[in-house]
Structures are given as C-alpha cells and as structure tokens.
Amino acid sequence: MNRAPVSPVSLRNDLPRELERIIHKALEKDRALRYQHADEIRDDLSRLKQAGTSNPGAAAAASPKRPIMRWLPLAMLAVLILAGLWLRFAGGSGSKKYALAESSREQKLEGQEFPAVSFLEASLGQAAAAENSLRLYAEACPWMTPAGIDLFRARNQLISTLPLRPSRVPWFPEHWMPLYEARAALAQKGYSRAEQLLHRTLFLHRWLLTFVGQRHRSSPLVSQLCRFHLGQGYEATAKRGQAADEYRMFLSSFEGSPTRLPQLADARDALKRLGAPCSSFSLPDASGK
Amino acid sequence: MELLEGQTLQEHLPQGALGWEKILDIGIQAAEALQAVHSKKIVHRDITPANLFLTFQGQIKILDFGLAKPAAGQQPTDTTPTAADAPITSTGTTVGTVAYMSPEQVRGQKLDARTDLFSFGVVLYEMATGIRPSRGPHPGWSSRPF
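The listed protein sequences derive, respectively, from chains A and B. Quick note on the numbering used here: the first sequence kicks off at 109 and runs consecutively. Quick note on the numbering used here: the second sequence kicks off at -17 and runs consecutively.
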C-alpha cells in the first residue's frame, strides 16, 4: 500500500482529467492532504458537471450510452412483478392480504423484523396513513438507518407483490417503535393512546440521550416529531393551549435550520388555525415549498 | 410509489464502468449525503458500493450504519468488519470492505470523517474504471487478516 494507484485515465481515455484529479485527491494516503470535508468533493464534482454540460465537446466525448443497460433493471422488475402476481393467484387464497402477511412473516429472518411487520399489519387498514408516515420519514432522513430499511422492506413485502431478497438486520432500535405506534394510533383517532405513547417516546429518548449518550445522538428527530404529533393530538381533542405549546416547541427546535421537513409547514398552518402566532422565533421561511 | 426499490452500487458495478456523467450524478448526491452524516458528527466507517443504494428514481441513499460511530471516542478494535455484514449472495464482501478502508483505518488509528472520504474515493475510482485501485505489491494484500 505504498504505491499510488494506477491512473484511471490510463485505463480509460474518455475520462475527464479533472475527475482523475478529484479521485486522486480523495485517495491521498496522508489525510492532511486529502479532501477535508465531503462538501469539497461535492463542489468539485458539481463544477465538473457544469463545465461538462456547458461544453458540448466534452459531453460528446462522454462514453457511448448503452440503452440496454438502462432498460435491463426495468425488464427485471417487470419479470419480478409477473412472478409475484403468478405466485399470488396460483395460491388461490381467500384472504390475499392475510396470506401475504403470513408468507412475509415466514420469509423474515428469525423474526428479527417482527416489530416492523406487526406495525405495518396494524396499519394495513390505514394503508394511506402508513404510506404517508413512511414518505415523511424518508424525506426527513438524508440517509437510511437499519430501522428504516426494515420498515420499507416490510412495507414492500406487505403492500406490493414484489418478492424481495432476504435481508440482514444488524440491530433493531426498539426505541423507535412507540413513535410509529403513536402515528398509527393518531390515524385511528386513538388520541389518549397516542398521547401516552408519545410521552413514553419522549421520556425514553431523553433518558437515552442523558445516560446512554453518544450512540443515540443521531436521532433527535424522534423527540422533535413527538412534539409535532402531540400538537396534532391536542388540537384534535380541542386542547388549544397545549397544542399551540407543542407546535411552538417543535418549530423552535428547527430555529435557523435550513431543513424542509414537511411537518414544519403543517405546524405553522396549525398555529395559524389556533390563532396563536409564532412570532417569537425566527423560523425557517417557507420559500422552499 | 415504491420508496426503497433499486439496487446497491455493488449490484450495479458488474455491468462495467459507468459513464462519467453518471459518476458525477452519483458522486454529487453521495457526497451530499455524506456531508449530512458528518454534520451530525457521525463517521460511517464502511462506505462501500454495497452500502450506497441507487433507487430507480436515481436517488442515492447511504445504508448500513452498523459500523457507524460518533466522531469522538473511537475504539480501533471495532473497525474490523464481520462476516455478518456480508450480503448472503456474495462471498468476497469482507475482503471488499477492507479494500475500501483508509490507510489509517487499516492501521487501527483514530478515525475522523476523512476516512469516509478516502473510502468514497475508492468507490469513485471503481465507478470510473470498473476495478478497485491496487495499492500494494501483492494484489492479494487486502485479504491479509488484520
């Protein structure tokens, strides 16, 4: 590992020299000479991309596209869908939903994904609400945690007919589940249950942050979303003062943040509905919407 | 609406090196996601093609925080990837994961966000050329046990 890697351009002459420079800088063995921040790489790559699109000569020099490679995943997807449909109807089960849930449970590895599956099963009557929660969750996270991956895989197995590969689950954060349960309870108008679950989640997360520390620092979003959902619950049960407080707390934790979490706009609208202005904070404006 | 459907970069790469415009698209998005991770003071420590997920909509997600740690308080003994990290269908992944390690990670030194940037560089190299950069006199150096 004392040699510099072979130059990419020597292996492939259609590569821009600048891309090679970027790759070599990222691969510096001495980390002081390397890129120091991910956004430096992002900026260099973006600049190269802009140069490429404004210079048709460079664009023409790009490698020839292979259309078959672009269609291959779609074709495979179609085959999988057909296979899934065939399996489903060949089974001839009376209750399709139930059979699907059963078979997905059998395919799970040692029941490790069971909490996520049972959550989705509980929400199947509320498919739209579950779908929406998952979408909000996906948009709120710039990356996928193992819990998130499990949720989406479980959802895919339950709702779509696509047969999926068995997955591996390194660990499953049990402490995320009450939030999902609370969302399901809210969707089913079980407000007291939702309130109980949300307070439990808040307590649990405060405890985790205080005593378990570093490892869980990555998900303050859970506590913040709890505030938002508590606001929804209080608003629905006409506890206007408490609802406004929760919404304000939710908004204040994003003070000065550039995030475009969709719940921010919802909370702002809710405060307007409640006749409680949120003027005391400098909030991220809604220009991103 | 299918949210997590697509393939990992690892499944994508055997189709050969990518066009450089695609490399830029993937690279820019992945760098943004990495920046988001690092801004939370987390070092991923296992950036590989198997952990970069391309949805059919062309978005990039970083997967598997099984090795991720907060930037402070590293334990070098934890850096060795385990066989449990490998997907069931692929046998060479443990070796592959080592191949993406930065020199300081291989040596078991204290790590910061820059180790992820090195691994990301290896991924960029592999996307551009279809092979991983060989860094030693023996092509099999990376299979040495650490």
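Note that these hints are calculated values from the structure, not bench results. The model shown is predicted, which means the values in this text are computed figures rather than measured ones. Where a beta carbon is used, it is the ideal one built from N, C-alpha and C, also for glycine. Be careful, since some hints might not be right.
To be verified - Some but not every residue of chain A turned toward chain B, in silico, with C-beta under 10 Å:
#1 E136
#2 R139
#3 Q144
#4 E148
#5 D152
#6 L310
#7 L312
#8 V330
#9 A344
#10 T345
#11 R348
#12 G349
#13 D353
#14 M357
Going down the list of hints, with the structure as the test:
1. E136: holds (8 Å)
2. R139: holds (4 Å)
3. Q144: holds (7 Å)
4. E148: Holds, about 9 Å.
5. D152: holds (9 Å)
6. L310: violated (20 Å)
7. L312: violated (19 Å)
8. V330: violated (14 Å)
9. A344: A344/A check fails; min Cβ-Cβ to chain B is 26 Å, beyond 10 Å.
10. T345: Violated - the Cβ of T345/A stays beyond 10 Å from chain B, reaching only about 31 Å at its closest.
11. R348: Violated, about 35 Å.
12. G349: violated (34 Å)
13. D353: Check failed: Cβ of D353/A comes no nearer than 27 Å to chain B, outside 10 Å.
14. M357: Violated, because the Cβ-Cβ distance from M357/A to chain B comes to roughly 21 Å (cut-off 10 Å).
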